[in-house]
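Peer 1: Could you build all of it, start to finish, from the sequences and the hints given here?
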Amino acid sequence: MKCRRCGARAEVQLRAHNTAFCRPCYLFFFRRQVERAIDAQRMLVAGERILVAVSGGKDSLALWDMLADLGHDTTGLYLGLGIGEYSDRSREKVEQFAAARGLPLRVVKLEDEQLAVPGVAAATRRAPCAACGTMKRHYFDAAAFAGGFDVLATGHNLDDEAARLLGNVLRWQKDHLARQRPVLPPSHPKFVRKVKPLYLTSEYETAVYAFMRGIDYIVDECPNAAGATQLLYKGALDRLEVASPGTKLAFVKEFLRSAQPAFAAVEQREPMECAGCGMPAYGVLCSFCSLVREVENRRARTSSALPA
Amino acid sequence: MRVHLRPQRRTVELRGPRRVGALLAELGILPGTAMVIRGELLLTEGDVVDESDEIEIRAVISGGA
Ligand code: SF4
Ligand SMILES: [Zn+2]
Ligand SMILES: [Zn+2]
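Chains as they are written, first to last, in my numbering: chain A, 1 to 308; chain B, 309 to 373.
Hints in this document: simulated from the structure, not taken from any laboratory. Beta carbons: idealized from backbone N, C-alpha and C, even for Gly. There could be a bad hint or two in this list.
Which stretches of chain A does chain B cover? Using the computed rule of at least three CB atoms under 8 Å from a CB of chain B, they are [said to hold, decoys possible]:
hint: 1; stretch: 9-23
hint: 2; stretch: 47-59
hint: 3; stretch: 218-225
hint: 4; stretch: 230-244
Peer 2: Structure, rendered in structure tokens:
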């Protein structure tokens, strides 16, 4: 197969775009795709301070690499989830990435707060990914606000967005659909703008970019991913995509164009401030503080049940 | 040829040349869900791999949240 742009041997074939590229042309194509998404959605303004949430995986490191390469002022935030060896190795990947490029990195470890994901999931009888997601959101939001950043950027890709959309649609979660956008303006003074510059580039495209750029990311999966519903949705979407290339892209793009504004128009809840941490919340406590309260109650019960 | 599957940490030995597309189908891997790597290069479905090759098939899916 030949590169559509220059005729050299192609290294990557993109069915959804009905094209194929050699390495230099692919890197050019990918970069332009991301730049276009950033510009079309007005995600970033020159000179803004961007906090990039990095996990050590291909998406977040590819995003950080790209934003830094585009000349943006970026700082990485790594949240250690306390998931054994997986977390140790993903942190090493992030630290090596940042050190090699001289990029500033902040590291927060949930285990230092007695909130490692496995323990929190067990204490609250939640799925690990549910507990993990709540804590990630809280720590990212809080760090972005406390650090005085203008924007919080995450590495969500097209497959993540399509899977999330499918999940939200299957349950008609109107409040989630109202907030599922590549740019989320701050709904409270303590929130910063949240952006997903990779929302139109597939997992495969992001992986290829990371590989071609020589980014050493963690290939191993989080041990909790296996049973997660998101992977079930991704698998279903992958099969649809093979049968009809471009399905995921159309699903997400058309949702944003024709359905999302209608959900956003009716969902107008303004957050108040959490009585626990002071961050925005839709109840007395934010979902993070509710989670922590559950963990504390559970731990108090278990320790008082111990024989004296 | 030796085919290393990541992140599964599994290696399979296969005999005879074939196209990458056929190799993926044989292993039950959907196109677009994995990178096929030979040395420093990525292969596309039409490329032929043969007996003496050492291949890595690296899944691109991730996530759980
Ligand atoms: S798979 Fe689940 S537990 Fe693991 S990092 Fe992702 S959301 Fe967290
Ligand atoms: Zn080319
Ligand atoms: Zn709170």
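Peer 1: Each hint needs a verdict: does it hold in this structure or not?
Peer 2: Outcome of the hint check:
{"no.": "1", "hint": "9-23", "verdict": "holds (count 6)"}
{"no.": "2", "hint": "47-59", "verdict": "holds (count 3)"}
{"no.": "3", "hint": "218-225", "verdict": "holds (count 6)"}
{"no.": "4", "hint": "230-244", "verdict": "holds (count 7)"}
When each numbered hint is compared with the structure, no violation occurs for any of them.
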